[in-house]
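Student: Residues per chain, in single letters:
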Amino acid sequence: MPEKTAGGVSRSFLLMAACMSGAGILSLAASWRLSPPVLSVQATLLLIAVVVSENFAFNLSAFSISMSYPLTMAAILVAGPAAAGVIAAASSTNFQEVRSKRPLSVYACNMGQLLIVTGLGSWVYIALGGRILIAAAESTPLATADFPGILVPLLGAAVTCVAGNLTLTAVTVALLRGRPLVELLATLVAFAPSQLGLAFVGFLIGQVLTVNVFALPLFIVPLLVARQLYIRYTSMRTAFADTVKSLIGALEAKDHYTRGHSERVAEYAVGLGAALGLDARSLERLEYAALLHDLGKLSLPAAILRKPDALTDEERRQVVAHPDVGADMVARIPPLRDLAEPVRHHHERYAGGGYPSGASAAEAPAFGRILCIADSFDAMTTTRAYRPAMIIEAAIDELEAGAGTQFDPDMVGPFVEVVRGMAAAGVESVDPAVGVVEAIAVVT
Amino acid sequence: MISILTQAMHVGVAGDARAATFAAFILAVVLLDALDVALPRGDSVSVAGALIAAMAALHGVPASLVAATAAWFVSLILRGGVTASFWKWTARLVSLLGTLVLEVTIGGPMSHMPLVLAGTAVVLYLSLEFLASQTVAGLRQSRSIIGLLKGNLRRHFPLMASQLSAALLIIVTYDGMREWSIIPVTALLLITRQSFALLHEIRETYRTTVEVLIEAAEQSDARRRGHAERTALIARRIAARLHLSAKEVERVNFAALLHDIGAIAHEQADDRPDGSETDAGSGARVIEGAEFFGSVSPILHLCEGDVGSEHTRDDVRAALIVALASDIDCLRRQVVSLVHDGHTVDRVLPVASPAQKSKVVAAAVELGYQIPAVW
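Residue numbers (the numbering used here), protein chains in the order written: chain A, 5 to 448; chain B, 5 to 379.
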């Protein structure tokens with residue numbers, strides 16, 4: 005964990021903020037000297053629009069995307085490097101964040117990043133033969149004669165800005181939150197196509213501004229619609245896991261012994277997934293798979309789930325079929341279809357001989373092997389109708405004894421570390437006393 | 005008609021569309037159509053209408069019709085799916101013919117007219133395309149066209165507004181950039197389309213996940229099997245018959261799917277008295293932790309007889325629909341009534357107005373459902 009200062013940010017981040025803001029200011033000064041900005045109505049409008057739009061930014065988990073990005077790209081085309089730098093710097097003023105007393109270093113870092121990226125993008129645009137649309141009070145919009153040649157500098161500027169933005173954002177978040185850089189880069193790359201699209205929208209804004217300033221509001225509707233739809237999507241996506249937890253939790257309540265099982269398995273599985281280095285998107289999928297892994301069991305009569313005696317052949321057949329039943333149901337949810345196989349394999353053994361197929365789980369999806377360990381551990385540490393709960397250390401012994409036969413040997417070690425870490429942190433599901441108390445209650 | 009077509013040909017010839025313009029429009033339409041958002045009942049939403057409308061405004065309806073038809077052929081070669089794409093093309097053809105009337109009235113491509121006229125043509129085209137696509141969907145799915153129009157207008161309005169803006173952007177920048185203006189506008193449309201697709205996908209994920217979870221839970225008791233899904237189907241049909249908005253139909257659908265979740269969770273719980281099987285569990289309490297179902301909770305409260313809970317007139321109407329749908333299913337399958345504690349409507353009736361009762365019952369009767377005697 006990076007060492008923190010009194011302001012809550014690491015020393016390495018402070019150093020990075022100082023370097024970034026310094027480089028940003030140098031970049032702006034160089035742009036100003038080489039290509040002084042021309043005061044125009046269009047540039048002023050862009051400056052106002054960028055400040056307004058920044059206060060309508062929307063968040064994507066740890067990251068933030070705002071409408072000011074295409075406006076900055078428009079500034080590169082319309083007003084050149086220095087003016088684009090000023091407009092980019094203005095886009096880092098967010099009144100909500102000012103009110104929330106965000107550390108000054110974060111502003112400095114953001115502003116430096118924007119200045120560097122915009123400066124680089126502008127100079128790549130000019131170096132590749134691009135022309136600035138408003139120079140010396142004369143505005144000359146792009147014309148047919150400019151095409152297709154102008155596409156090269158436009159694309160060069162767009163790629164430079166997107167690559168620079170994503171890389172510097174990843175580095176900043178890695179230093180600020182102590183998260184792995186590679187994982188952040190892998191997550192952020194997914195935003196590259198939409199960022200490129202927005203860059204070209206920005207160029208169109210620049211062109212429209214040069215042709216007819218009054219046409220600028222035409223951009224407001226599509227961008228606002230896209231933004232509103234996206235906000236609703238992110239809010240619904242964030243609430244999805246909670247919704248499934250509520251429903252599964254209620255339906256699991258029919259069996260006292262498995263109450264809360266899926267939620268605990270999800271907690272263990274995500275812990276193990278993180279220890280194995282899965283990225284944020286994979287961890288989210290893993291959580292969904294874990295929450296739904298016992299869907300097939302919900303369709304079993306409570307009498308079978310609660311039966312303390314040996315099951316009849318028919319009852320056993322139903323229990324053994326539950327991973328298949330659950331997998332078939334998960335396969336019917338189109339966006340979660342890829343989670344059907346892990347659900348189907350969560351009772352297969354690593355060396356073979358599990359159920360439903362009895363095949364070796366070594367070939368099964370990694371999620372299936374993670375679910376197998378998490379599910380088995382929770383089953384061992386909670387009381388069932390046919391046996392009391394084990395204490396955590398005994399369950400860990402069982403896991404270690406089963407490494408290579410029942411469980412993936414490469415996953416048992418990390419899982420044990422995760423469980424011990426959770427127990428030490430006082431996570432309720434791995435409270436060592438729970439198993440002991442439940443065991444005593446059942447024995448007496 | 006002959007006169008209109010003759011004038012149309014004249015307008016088409018008068019237009020100055022170049023091969024490159026055609027190619028750019030066709031490619032962009034093919035791309036946007038390839039990325040259309042598939043809806044559950046077989047139809048789809050595309051934002052390519054903006055390009056077709058812009059083409060019609062800039063180069064005349066015949067030129068746009070040629071481009072739209074060529075795009076259809078290219079799509080057919082690349083993707084197949086003759087029926088779906090034929091209906092989409094038919095909707096576009098009808099819309100373009102409607103726009104042609106305006107163009108012939110004006111006497112030439114709208115690009116030669118003030119921007120406001122070009123905008124009028126785009127609005128006309130997009131409105132006709134929406135009307136035609138909903139009519140086609142209604143005819144193909146045997147659903148009420150008025151219901152579809154009313155239900156989907158609010159949902160599609162933001163997309164139509166975006167397409168109008170995009171089309172006008174092409175018109176504004178076309179003089180200088182010609183066909184190159186299509187590239188950034190297509191990017192703008194793709195961003196809007198992507199946001200719509202993501203929202204649609206997460207909605208579908210919620211719907212199918214709830215359906216699957218309820219189905220899984222119902223499997224454990226043969227008497228309940230399929231009841232929630234059938235209730236949801238009946239409730240949706242009644243809601244559509246009453247011309248409720250798409251949002252309200254969705255709320256009714258979720259409430260119908262979940263109306264027995266409290267009972268399912270409760271009836272097999274350890275603490276139930278031996279032999280008793282009642283609907284005493286509270287579905288509203290089960291879902292109270294799930295923010296997504298916040299709007300469904302008042303309906304479930306009412307269906308559970310908690311008439312003292314906070315509710316609106318719309319909640320009462322929705323609860324009546326769900327309760328009646330559940331009772332209709334119980335009446336059709338007596339085995340379900342064994343696990344239902346009397347008529348669900350009995351719990352909602354005390355707060356329902358006579359007008360609400362008569363409208364909901366009339367809708368169910370018109371759909372051919374047998375109504376429980378309590379009504």
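Just so you know, not all the hints are guaranteed correct.
If you want the ones that stay clear, here's a sample from chain B, every Cβ over 12 Å from chain A, calculated [said to hold, decoys possible]: (1) Gly-102; (2) Ala-201; (3) Leu-335.
Below, a sample of chain A positions facing chain B; criterion: calculated Cβ distance under 7 Å [said to hold, decoys possible]: (4) Ala-147; (5) Asn-216; (6) Ala-243.
Derived from the structure by calculation, the hints contain no laboratory data.
Values in this document were obtained by computation on a predicted structure and should not be read as measured data.
The beta carbon of each residue, even a glycine, is placed where N, CA and C say it ideally should be.
Student: A separate judgement is required for each hint: does it hold in the structure or not?
Tutor: Hint-by-hint comparison with the structure:
1. No Cβ of chain A approaches the Cβ of Gly-102 (chain B) within 12 Å, the least distance being about 23 Å, so the stated non-interface status holds.
2. Its closest Cβ contact with chain A, about 9 Å, brings Ala-201 (chain B) to no more than 12 Å, contrary to its assignment away from the interface.
3. Against the 12 Å criterion, Leu-335 (chain B) stays outside the reach of chain A, whose nearest CB is about 26 Å from its own CB.
4. Because the smallest distance between the Cβ of Ala-147 (chain A) and any Cβ of chain B comes to about 5 Å, under 7 Å, the interface hint for this residue holds.
5. The criterion of a C-beta within 7 Å of any C-beta in chain B is met by Asn-216 (chain A), whose closest approach is roughly 6 Å, and the hint holds.
6. Because the beta carbon of Ala-243 (chain A) sits about 5 Å from the nearest beta carbon in chain B, less than 7 Å, this interface hint is met.
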